[in-house]
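Student: Residue-level listing of the chains:
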Amino acid sequence: MTVLFFGRLSDRCGRSAVVAIPASGTRIGELRGLLEAAFGSPDAPSPFGAGTRAAVDKVAATDDTPVLPGQEIAFFSAVSGG
Amino acid sequence: MEPFRLSEQAIDPAAELARFATAAAEAGAVVSFTGVARARGAAGAALDYLELDWYPGMTERSICDIGVDALGRFGIVAATIVHRCGIVPVRAPIVFVAAAAAHRREAFQAADYMMDRLKTEAVFWKREVGPDGARWIEPTDRDHDDRSRWSE
Numbered sequence: 001m002t003v004l005f006f007g008r009l010s011d012r013c014g015r016s017a018v019v020a021i022p023a024s025g026t027r028i029g030e031l032r033g034l035l036e037a038a039f040g041s042p043d044a045p046s047p048f049g050a051g052t053r054a055a056v057d058k059v060a061a062t063d064d065t066p067v068l069p070g071q072e073i074a075f076f077s078a079v080s081g082g
Numbered sequence: 001m002e003p004f005r006l007s008e009q010a011i012d013p014a015a016e017l018a019r020f021a022t023a024a025a026e027a028g029a030v031v032s033f034t035g036v037a038r039a040r041g042a043a044g045a046a047l048d049y050l051e052l053d054w055y056p057g058m059t060e061r062s063i064c065d066i067g068v069d070a071l072g073r074f075g076i077v078a079a080t081i082v083h084r085c086g087i088v089p090v091r092a093p094i095v096f097v098a099a100a101a102a103h104r105r106e107a108f109q110a111a112d113y114m115m116d117r118l119k120t121e122a123v124f125w126k127r128e129v130g131p132d133g134a135r136w137i138e139p140t141d142r143d144h145d146d147r148s149r150w151s152e
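Listed in order, the protein sequences are those of chains A and B. Take the first sequence: its letter number 16 is residue 16 in this note's numbering, and every next letter is one higher. Take the second sequence: its letter number 59 is residue 59 in this note's numbering, and every next letter is one higher.
Keep in mind that the hints were calculated from the coordinates and are not lab data. Keep in mind that the hints are not guaranteed to be accurate.
[As the list claims (entries may be wrong)] To spell it out: a stretch of chain A is covered by chain B in this simulated footprint if at least three of its residues, at any positions, have a beta carbon under 8 Å from a beta carbon of chain B; those stretches are:
#1 1-7
#2 68-81
[Claimed, not checked] In silico lysine to aspartate or glutamate, EDC-like type, Cα no more than 20 Å apart, as pairs:
#3 A:Lys58 - B:Asp53
#4 A:Lys58 - B:Glu16
#5 A:Lys58 - A:Glu72
Owing to the predicted nature of the structure, the values given are computational and were not obtained by experimental measurement. Ideal placement from N, C-alpha and C gives every residue a C-beta, glycine not left out.
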């Protein structure tokens, strides 16, 4: 599945990444763990720590939100318009 | 034209206000606000431009939700939000909001409310770009305090 990144996260992870998830699906929290393993560094604060939000099919999600193959997933840092 | 929308092109506040006031001709009060990209960053350094990243689909919905909530909350007769995205030159308008109501208080409040929510909830990521590099801009404590005024 392709995961999109926006804001400060895109500096660290690029615009998107392909992540393998079980055919039965997963949850945002577990996906966050997979991404942390892929992009985290022992020498730097976690890019997926507190303040990082997620969306499933463009709707805000929590760590408990289910994720199925084929859905559009995004992780992003704090938003700010205006 | 959609009342709550994104624009990759320059915003013309005068034209937006004229269009809005015409559409809300029966209102007794029209309040508008234009936010402008600052020429200097938080540390005082000159900037080249502001970059406004967005998430197509989710960003538009966040703007629309804020506008619709303002219409319901304040009982105003019309509202608009036009928000830039992409590369915004310094001193260029970045956002235009307007509210029309029977009386001024509701119009002022609605415009204030829309801006406070845009600063903390609209799905954008802002980055100041200047000769010394780029820096992400995230909501400040004051922005969150301003937003919390409307939470009761």
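Student: Take the hints in turn and mark each one as holding or not.
Tutor: Going down the list of hints, with the structure as the test:
no. : hint              : verdict
1   : 1-7               : holds (count 3)
2   : 68-81             : holds (count 7)
3   : A:Lys58 - B:Asp53 : holds (15 Å)
4   : A:Lys58 - B:Glu16 : violated (29 Å)
5   : A:Lys58 - A:Glu72 : holds (7 Å)
Hint check: a violation occurs at hint 4 only; the rest are consistent with the structure.
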